[in-house]
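So the chains spell out like this:
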Amino acid sequence: MKNKLKVCRAELDLTQAQLAERIGVTRQAINAIELGKFVPSTVIALKMSRLFNKPIEEFFFLEETD
Amino acid sequence: MKHSKFLLPYGFKSVGYVLLTLGVAGLVLNFCGVDFGHAPGDGMVESGLLFTLSGLALVLGCLFAGFSRYREEDEYVEQLRHESMLLAFYLYVALLVAALCFTWGVAYLYFVSFGIFAVLVVYVVCLTLRVAIARKSLKDEE
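Chains as they are written, first to last, in this note's numbering: chain A, 1 to 66; chain B, 67 to 208.
So here's chain A without its partners, still in its complex pose (with noise of 0.2 angstroms):
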C-alpha cells in the first residue's frame, strides 16, 4: 500500500513528532508509515482523516499487487 501521507504532513506544516503526538503513536511509527514499512490500522487511519480532514483514499492507495 502507497501512502502521500508525507504530503499532507507538509500541507499541515506538521512535523513527524507533531503528527505522532495528535493521533497518539510514537514517531518511528510515523516514519515506518512514510517509508511504506507498516500499514497503521483503521483506528489510526481514520485519526488522519479527522486530522487532515480528508478521506482516508486520499493518503492511502491500494497497488496492484494489495
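Certain hints may be false.
Claimed, not checked - Under 7 angstroms between C-beta atoms, here's a sample of chain A residues computed to sit facing chain B:
| no. | residue |
| --- | --- |
| 1 | Val25 |
| 2 | Arg27 |
| 3 | Gln28 |
| 4 | Asn31 |
| 5 | Ala32 |
| 6 | Phe38 |
| 7 | Thr42 |
| 8 | Pro55 |
Stated by the list, open to error - Each computed BS3-like pair below joins lysine-lysine, with the alpha-carbon atoms no more than 25 angstroms apart:
| no. | chain 1 | residue 1 | chain 2 | residue 2 |
| --- | --- | --- | --- | --- |
| 9 | A | Lys4 | B | Lys202 |
| 10 | A | Lys54 | A | Lys2 |
| 11 | A | Lys37 | B | Lys202 |
These aren't lab readings, by the way, just hints derived from the structure by calculation.
These numbers were taken from a predicted model, which means no experiment stands behind them.
Think of the CB as a built atom: it goes at the ideal place given N, C-alpha and C, for glycine as much as any other residue.
With chain A fixed as given, assemble chain B onto it according to the hints.
Chain B in isolation, oriented as in the chain A frame:
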C-alpha cells in the same frame, strides 16, 4: 488505543536488562568453571548454585525485558514484537530439528536445554535491536 493487557509495566524493563546481564555473566563464569554451593536436586545429578541462580536470572531477565511495555508502546512496536517472536520461534524449531538430526545422548539434552534459553534470548535481542534501529533511522524533517 488499547494494547495488549498481558504486557508487564514499563518499570520491569530496566530490571529485566540488569537480571539478563547478571544471568549471562553468571553462566559465562560457570562455563569457565566457577561455581559455589549446591542447588537442591534429586541427588542423581549435581547442580551448582551459581548455574541455577544464573539460569533463573536469565529467564526472568528475558521475561521482564522482552514482555514489558516500552515507554511509548503503539501498534508499530506491537508489530516488531510479533515479528521478533516469530523469528525466535523459527530459530527454536531449527535448533530442535538440528538437535534431533545431529545430536545423541547427553549432547542432545545440552542442545535442547540451550534451545529453551535461546528462544527467549533471541526474542529479546531481536526486539531490542529492531526498536533501536527504528529509533536510529528516524529522519526528522523539521
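Comparing the hints with the structure gives:
For the restraint placing Val25 of chain A at the interface with chain B, the shortest Cβ-Cβ distance is roughly 4 angstroms, inside the 7 angstroms limit, so the hint holds. The closest approach between the C-beta of Arg27 of chain A and any C-beta of chain B is roughly 6 angstroms, which is under the 7 angstroms cut-off, so the hint is satisfied. With a least beta-carbon distance of about 4 angstroms to chain B, the hint placing Gln28 of chain A at the interface is held under the 7 angstroms criterion. Interface hint status for Asn31 of chain A: upheld, as the beta-carbon distance to the closest one in chain B is roughly 5 angstroms, under 7 angstroms.
Among the interface hints, the one on Ala32 of chain A holds; its C-beta lies about 5 angstroms from the nearest C-beta in chain B, closer than the 7 angstroms criterion. With a cut of 7 angstroms, the hint placing Phe38 of chain A at the interface with chain B holds, because the nearest CB-to-CB distance is about 5 angstroms. The beta carbon of Thr42 of chain A comes no nearer than 11 angstroms to any beta carbon in chain B, farther than 7 angstroms, and the hint placing it at the interface is violated. Restraint check, Pro55 of chain A versus chain B: the minimum CB separation of about 21 angstroms is more than 7 angstroms; hint violated.
Taking the CA atoms of Lys4 of chain A and Lys202 of chain B, the gap is near 23 angstroms; set against the 25 angstroms cutoff, the hint holds. For a cut-off of 25 angstroms, the pair hint linking Lys54 of chain A to Lys2 of chain A stands: about 16 angstroms separates their Cα positions. A distance of roughly 15 angstroms separates the Cα atoms of Lys37 of chain A and Lys202 of chain B; the hinted pair therefore holds under the 25 angstroms criterion.
The structure is inconsistent with the numbered hints 7, 8, although it conforms to all the rest.
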